[in-house]
Amino acid sequence: MSHGNGHAEAGEHRHSPAMYIVGYVLSLVLTAVAFWLALTHAMAIGPLMWVLMILAGLQIIVQLYFFMHVTEGDGPPFHSVALVLGLIFTFAIALMSIWIMSFHSMVA
Amino acid sequence: MAVAEHAAHAPAGAAHAHGAGPADGRPLEYRDPHQSVKILGFWLFLATDMLLFACLFATYLVLRTHTDGGPTARELFDIPGFTAETFILLTSSFTGGLATLCMRNGNKKWLMAWLAVTMLLGLSFVGLEAKEFAADVAEGANMQRSAFLSAFFTLVGTHGSHVSVGIVWMFLTLLQVARRGITEITARKVFIVNLYWHFLDVVWVFIFTVVYLSGVVM
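Just so you know, the protein sequences line up as chains A and B, in that order.
Counting in the numbering used here, the first sequence runs from 1 upward without gaps.
Counting in the numbering used here, the second sequence runs from 1001 upward without gaps.
One chain only, chain A, in its complex shape:
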């Protein structure tokens, strides 16, 4: 990393689209890899699902970092705390629903 260079540039010069282009290319590559893995049946279904979910998780990071400027902001990163909490709840709701419904009881 060139020391202090990025900060000086942000103050004096125009912002460059480099971050956005990198983010766009990464999101296209991640989608293409997911698509290719799924349609060529390159893996068994179990591991494939895990790999697809990891690729989707990386897409979240790409959008947040390159497009949504999640690392910016004023003061303490309250928004990141809310976001992490929201993500934990989201995955908890989805995964626990699958887990609970995997018990094939005669009642439900």
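Don't read these hints as lab results, they were simulated from the structure.
Predicted model only: the values in this text are computed from it and were never measured.
Be aware that a few hints might be false.
[Claimed, not checked] When the alpha-carbon atoms are kept at most 20 Å apart in a straight line, the in silico SDA-like pairs for lysine to any residue are as follows:
1) Lys1038/B / Glu72/A
2) Lys1038/B / His15/A
3) Lys1038/B / Val22/A
4) Lys1109/B / Ser16/A
5) Lys1038/B / Pro76/A
6) Lys1109/B / Glu72/A
7) Lys1108/B / Pro17/A
8) Lys1108/B / Tyr20/A
9) Lys1131/B / Leu1076/B
10) Lys1131/B / Lys1038/B
11) Lys1038/B / Gly73/A
12) Lys1038/B / Pro17/A
13) Lys1109/B / Pro17/A
14) Lys1108/B / Arg14/A
15) Lys1109/B / Val1126/B
16) Lys1109/B / Ser1164/B
17) Lys1109/B / His15/A
Assemble the complex: chain A is given as a structure, and chain B must be docked to it using the hints.
Using the frame of chain A, we list chain B on its own:
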């Protein structure tokens, strides 16, 4: 500290329109605490909107095999169709990002142009989705057919209606930029509508993965 700083800047806050180059190192939309707190508030909204989608995803995951003898995911999903939708939405997220970039560079003309491109891509996404839904219903795969289809249309339709709201919202933001230029207030509005747009792109990536790709391989 923040309050005192705001008091000093308040009279100038709404009026000045120098979009170029952040004088104090912060982007324009964060300079007035009244605007930056709204950005924080919008992040909180996104965290809760995510929970709405969490419940719909959970419902879909539980019901996706409950096809009641009707069409299955594999029979229904059109690979070129959902691939095109994904590509369009990913691209619109990029052009929305370019709109934010031009705003930060104080370039009103290009800001408006990229917002317009983003809206057009959004419209073509919604158009493709409507076409897909109409084709499904024509084949007898409507919402009432099975639990799988109820969950599918609710999840994907909720996302589609979010995108439709986003297009109208972006258009209203575009009008405000056209009238008032790039101010602390319009900068915050452009920033927030783009946060919403990128969020919808993330939700779509999960619909693409969990609903469409999983649907065609399982």
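Hint by hint, here is what the structure shows:
Proposed proximity of Lys1038/B and Glu72/A is supported: the alpha carbons are some 14 Å apart, at most 20 Å. With a C-alpha separation of about 24 Å, the suggested pair Lys1038/B and His15/A falls outside the 20 Å cut-off, and the hint is violated. Note on Lys1038/B and Val22/A: the hinted pairing is violated, with a Cα-Cα distance of about 28 Å set against a maximum of 20 Å. This hinted pair checks out: Lys1109/B and Ser16/A have alpha carbons roughly 17 Å apart, not beyond 20 Å.
In summary, the hint linking Lys1038/B to Pro76/A is supported, as the alpha carbons are separated by about 15 Å, within the 20 Å threshold. Of the supplied pair hints, the one linking Lys1109/B and Glu72/A is violated, its CA atoms being roughly 25 Å apart against a limit of 20 Å. As the CA atoms of Lys1108/B and Pro17/A are separated by approximately 16 Å, the hinted pair is consistent with the 20 Å bound. The straight-line distance between the Cα atoms of Lys1108/B and Tyr20/A is roughly 18 Å, inside the 20 Å bound, and the hint therefore holds.
Taking the CA atoms of Lys1131/B and Leu1076/B, the gap is near 13 Å; set against the 20 Å cutoff, the hint holds. Only pairs whose Cα atoms come within 20 Å are accepted, and Lys1131/B paired with Lys1038/B is rejected, the gap being roughly 36 Å. For the hint pairing Lys1038/B with Gly73/A, the CA-to-CA distance comes to about 11 Å; that is within 20 Å, so the pair holds. Of the supplied pair hints, the one linking Lys1038/B and Pro17/A is violated, its CA atoms being roughly 26 Å apart against a limit of 20 Å.
Annotation: proposed proximity of Lys1109/B to Pro17/A holds, straight-line Cα distance about 16 Å (limit 20 Å). Using a Cα cut-off of 20 Å, the hinted pair Lys1108/B and Arg14/A holds, with the two alpha carbons roughly 14 Å apart. Among the hinted pairs, Lys1109/B with Val1126/B is inconsistent with the structure: their alpha-carbon atoms are about 26 Å apart, more than 20 Å. In summary, the hint linking Lys1109/B to Ser1164/B is not supported, as the alpha carbons are separated by about 24 Å, beyond the 20 Å threshold.
Taken as a hint, the Lys1109/B and His15/A pair is honoured in the structure, with Cα atoms around 16 Å apart against an allowance of 20 Å.
Of the numbered hints stated above, those contradicted by the structure are hints 2, 3, 6, 10, 12, 15, 16, listed in ascending order.
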